[in-house]
Amino acid sequence: MADGYTDLDISSGETVRDSTHIPLGVFSILLGSITGYIAWSYDIGRVTDMGAGYFPFVISIMLVLLGIAVLMRGGDDLPAAESRVSAVSAGERKLQLLRTLRVLGSALGGLVVFALILKPAGMVVSVIALVGIVSFAHPGPKFWPTLVLAFGLAAFSAVVFVILLKVQIGIWPGVF
Amino acid sequence: MFEIFDGISLGLGVATLPINLAFALVGCLLGTLIGVLPGLGPTATIAILLPITYGLPPETGLIALAGIYYGAQYGGSTTSILLRLPGESSSVVTALDGYEMTRKGRGGSALAIAALGSFFAGTVATIFIAVSAPILAIVVLKFGAPEYFMLMAVGLFASILLARGSVLRALIMIMVGLLIGMVGMDVNSGQYRYTAGFYELMEGAPFVPLVIGFFGIADILLSLERAVKSGEAVPQVGKISRLWPSREEMRYAAPASARGTVLGMLLGLLPGGGALLSSFVAYAAERKISKRGHLFGTGLPEAVAAPESANNAGAQTSFMPLLTLGLPSNAIMALMTGAMLMQGIVPGPQIMTNQPALFWGLIASMWIGNLMLLVINLPMVGVWVQVLKVKYQYLFPTIFVVSAIGVYGVNFTTFDLYLMVLAGFLGYLFAKWRCEPAPLILAVVLGPMMEEYFRRALLVGRGDFSIFINRPISLTLLIILVVMVVATAAPSINKFRNEAFVE
Amino acid sequence: MTRLTRRSVLQAGGAAVAASFLPGRSLAEDAFPTGDITVIVPYNAGGMSDNLSRIIGERLVAMTGKNVLNEYKPGAGGALGANYYLGTKPDGHTILQSTNSFYSIIPIVTKVDYDPKTDFVPLCLLGIAPMVIAANPSTGAKSLAELIKAVKEDGKQISYGSSGKGTVGHLCGEWLAAKTGIEMLHVPYKGATEALQACLADEVQIFFGPESVESIRAGSLNGIGILGDAKSVAMPELQTTAEFGIEGWAPRSWHTVSILATVPEEIRQKWSEMLDTILAEPEVIEKIKLLGLYPDRLSLEEVRKMTEEDYTEFSEMLRQFG
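Residue numbers (this note's numbering), protein chains in the order written: chain A, 1 to 176; chain B, 177 to 679; chain C, 680 to 1001.
One should not assume that every hint holds.
Taking lysine-lysine pairs in the BS3-like style, the calculated list, with each CA pair at most 30 Å apart, reads [stated by the list, open to error]:
no.: 1; chain 1: C; residue 1: K745; chain 2: C; residue 2: K910
no.: 2; chain 1: C; residue 1: K745; chain 2: A; residue 2: K166
no.: 3; chain 1: C; residue 1: K835; chain 2: C; residue 2: K796
no.: 4; chain 1: C; residue 1: K821; chain 2: B; residue 2: K318
no.: 5; chain 1: B; residue 1: K405; chain 2: A; residue 2: K142
no.: 6; chain 1: C; residue 1: K949; chain 2: C; residue 2: K768
no.: 7; chain 1: C; residue 1: K821; chain 2: C; residue 2: K796
no.: 8; chain 1: C; residue 1: K844; chain 2: C; residue 2: K828
no.: 9; chain 1: B; residue 1: K280; chain 2: B; residue 2: K565
no.: 10; chain 1: C; residue 1: K768; chain 2: C; residue 2: K828
no.: 11; chain 1: C; residue 1: K869; chain 2: C; residue 2: K968
no.: 12; chain 1: A; residue 1: K142; chain 2: B; residue 2: K318
no.: 13; chain 1: A; residue 1: K94; chain 2: B; residue 2: K608
no.: 14; chain 1: C; residue 1: K835; chain 2: A; residue 2: K166
no.: 15; chain 1: B; residue 1: K608; chain 2: B; residue 2: K405
no.: 16; chain 1: A; residue 1: K119; chain 2: C; residue 2: K831
no.: 17; chain 1: B; residue 1: K318; chain 2: C; residue 2: K835
no.: 18; chain 1: B; residue 1: K565; chain 2: A; residue 2: K142
no.: 19; chain 1: B; residue 1: K318; chain 2: C; residue 2: K869
no.: 20; chain 1: C; residue 1: K949; chain 2: C; residue 2: K745
no.: 21; chain 1: C; residue 1: K796; chain 2: B; residue 2: K318
no.: 22; chain 1: B; residue 1: K318; chain 2: C; residue 2: K768
no.: 23; chain 1: C; residue 1: K910; chain 2: C; residue 2: K968
no.: 24; chain 1: C; residue 1: K768; chain 2: A; residue 2: K166
no.: 25; chain 1: C; residue 1: K796; chain 2: C; residue 2: K858
no.: 26; chain 1: B; residue 1: K318; chain 2: C; residue 2: K910
no.: 27; chain 1: A; residue 1: K94; chain 2: B; residue 2: K318
no.: 28; chain 1: A; residue 1: K94; chain 2: B; residue 2: K405
no.: 29; chain 1: C; residue 1: K745; chain 2: A; residue 2: K119
no.: 30; chain 1: C; residue 1: K949; chain 2: C; residue 2: K831
no.: 31; chain 1: A; residue 1: K94; chain 2: B; residue 2: K280
no.: 32; chain 1: C; residue 1: K858; chain 2: C; residue 2: K869
No lab work stands behind these hints: they were computed from the structure.
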């Protein structure tokens, strides 16, 4: 079984029903409704002469139906081993949420910042920024090793990507 | 028959010229490097390096470019296996079981199996090409829209088999994947769908950011989350025991490699097929055939051997439509066409007779290239495995940097980076909701193709469904599909009946 | 080895510095281009436009000593690349590889940010793509007349493949069908190669475009004619539609290199000169011919006239067909 799918066990040892079917179901229904609505505005046509909207519309309907099915099954669709997770107290849950946000924020945020400043700031600056921000996604970021890593990666990227592979990214700010 | 021997000896003569050997090596090394780096693919690199080949003799130039192409296939599996980060889109499937093998400490073995399997496939495919080049041309032409549709349908159904766990959730993943695949221009009507005013989506949602996001980034997010929650660093991946596959692993892997090779060879011939499709179908087929099918996804050697052989075989045979018919079967082949034209050679059916040195030289060099890659990659296994020893705290930023630049390097638009972030976030959510990314990715690839071929089949057949049954290949595939569906559903039907009777 | 005294080195250095002030040097400083050149190719890598740009690019590098880089921005039949080009700096270092389709066809079909009449200026004509009509042997037709007979009298159902809805290939088919009074079903593909392959496989029976020449030579397809009034240089035996009796304008496809209208006049002049020199070279002409195009040395005025003519005619056609 692939890792990452089982929730962390910091808990009382009790197990409860896995409730992930709820957000999944809601997501599916919402997404299917939106895409179906958009598909409706494309020409639908008939089976023998499908328009641009036929296939997307059918898929959207199926997505909504599947979402409903998942909700109705209430987690029964999972194989037995996965359908129970550890119970977690409310306080724990808040803490976990904060930690999750920290990870998502730094990791994804770092990438977003990288994308934003790549063109104006050049590769070196962007890479250093990326490494710096993203390092907060791991417990216990250390200043000096991270800095060394940042500069090292910046240098590596400049040499391998820009010089060796001729990828067109300015190395220094403003050179574009 | 004897012309083939003549051809092969001519080809070997050309391919073993020092300059051609040297450039083949350069191409393979470069290709391996690009393959390892996520995002950056052979297409972009070949496009940029093409002008360098102008001054070289034509065979040398093509040999170098070809080396980059299939070198990338070898390299792509490295990060797939070790980091669950596909370096090449065709290595996505290898990541499924390959990464699991790494977690069990068998990463070195997986890399070796991938390299050996790829070499075996390359050798067989090269022989196949040499022997049957003219016949292949005819086979390729027999495939029309109905045949392609049936093939895609079989492939898509096979993807349901890729799912472990809940079938319901796999279906949702497929639906989402199909919708993502719908983005862009619809060939049959010229209508732009789901582009939300973004120019970058008009040609379709770019594949590379999606793959890296759903597989690599999402996985890293999950690992990081776990680490932060527990306050400990991400544990080292299980100790690497032996670097070489055990006898038992080889026993399983070898026949799988053979099957994957055959599938890859055939699918690679089809334009639009190629390495990616071959790897998916080979994995699914292997899973269906194997007695250990239910264990797929836990790290079985045959689950690595089959797709790796398939994607390499597919990469070799994808040269065929170009060399026999003058039709490039994918973007890279189109670039090769450009390279040839710059040398004053027009690719077409005449190339075998007009330019035998080029034709046979290229084929012979394919095999030599595969040999070189094996020699390069096997010892590297020991080196790559050291990468795993790096503390995760420093490994994951490295992955981020390399992936981000690699993704940017494909289309040079930051839109792709944002898309990668979005895909990473969605992949994280889906994993949290107990869904798997593999069926989604397959649907993204197959979905739009299926739709396109289905509608075109009906268009050409002027609204008549019998076009699917009237043509032999299409009919055969349809029967296979029906058999697959019944075989998969039968146990559930039986169970259902038993339960009904119990009541 | 002569003794390298400090003095001799200084003398040599001084001489060199002094030499750089000579008039010869200042002429070189006027030289354009001063930096790397970017070519925006609004189609896929490996396509006809890309190959053309590489032919020119190779000569440009030799001529200017600067790098030439291709940037690919495919999409919307070329409009995406053109739109993108509009946003680049008008310093003359970026040029656009163009075809007549996004001067004359695309603006009518898609919403574009640029005005085809005023925003871009063609620098030179690279070549005209002969719209060769190729038929699969299953039609039994070896000429246009036989094809028409096959449809009208034998009741054969004919379809033709193109590289997409609204492309020149598509419009050729519509035009021909209208002018000859036969019905042909249009089947769109994702590119000329796919459409050609489909024709070879008899999924569709007809294909329009220069890509079929090799297949015709090999005998896999029958060449039954060529659109327009100019004989094909590569296959002079093909009957033109004008000879067949269809007068007037015929859909055509040609390739140019364009530049932003906002680029200063002298730079545009320089470009025209450089390109004219390149296009006069016999090797370049040979390579363009190999691609299946024929280079036509038309003046810019004539190119402008052709563009306008195409725009009017295509608008009319597209209006009729919706």
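Assess, step by step, whether the Cα of B/K318 is no farther than 30 Å from the Cα of C/K768, and give holds or violated.
Violated, at roughly 49 Å.
With a cut-off of 30 Å on the C-alpha distance, tell me whether A/K94 and B/K280 pass.
violated, 33 Å
Within a Cα-Cα threshold of 30 Å, do A/K94 and B/K608 meet the stated pairing?
Holds. A/K94 to B/K608 sits at ~17 Å (cutoff 30 Å).
Does C/K968 lie within 30 Å of C/K910 when you go C-alpha to C-alpha?
holds, 14 Å
Given the hint that C/K745 pairs with A/K119, test it: the Cα-Cα distance must not exceed 30 Å.
With Cα atoms ~23 Å apart, C/K745 and A/K119 stay inside 30 Å; holds.
Please verify whether C/K745 and C/K910 have alpha carbons no more than 30 Å apart.
violated, 38 Å
Would the hint linking B/K608 and B/K405 be met if the CA-CA limit is 30 Å?
Answer holds: B/K608 to B/K405 is near 15 Å, not above 30 Å.
Holds or violated: A/K142 with B/K318, Cα cutoff 30 Å?
violated, 62 Å
C/K768 and C/K828 were given as a pair; does the straight-line alpha-carbon distance stay at or below 30 Å?
violated, 55 Å
Assess, step by step, whether the Cα of A/K94 is no farther than 30 Å from the Cα of B/K405, and give holds or violated.
holds, 11 Å
Just to be careful, I want the Cα atoms of B/K565 and A/K142 compared with a cutoff of 30 Å; is the pair within it?
holds, 19 Å
Taking only the CA atoms, is the gap from B/K405 to A/K142 under or equal to 30 Å?
holds, 18 Å
When each numbered hint is compared with the structure, violations occur for hints 1, 3, 7, 10, 12, 14, 16, 21, 22, 26, 27, 30, 31.
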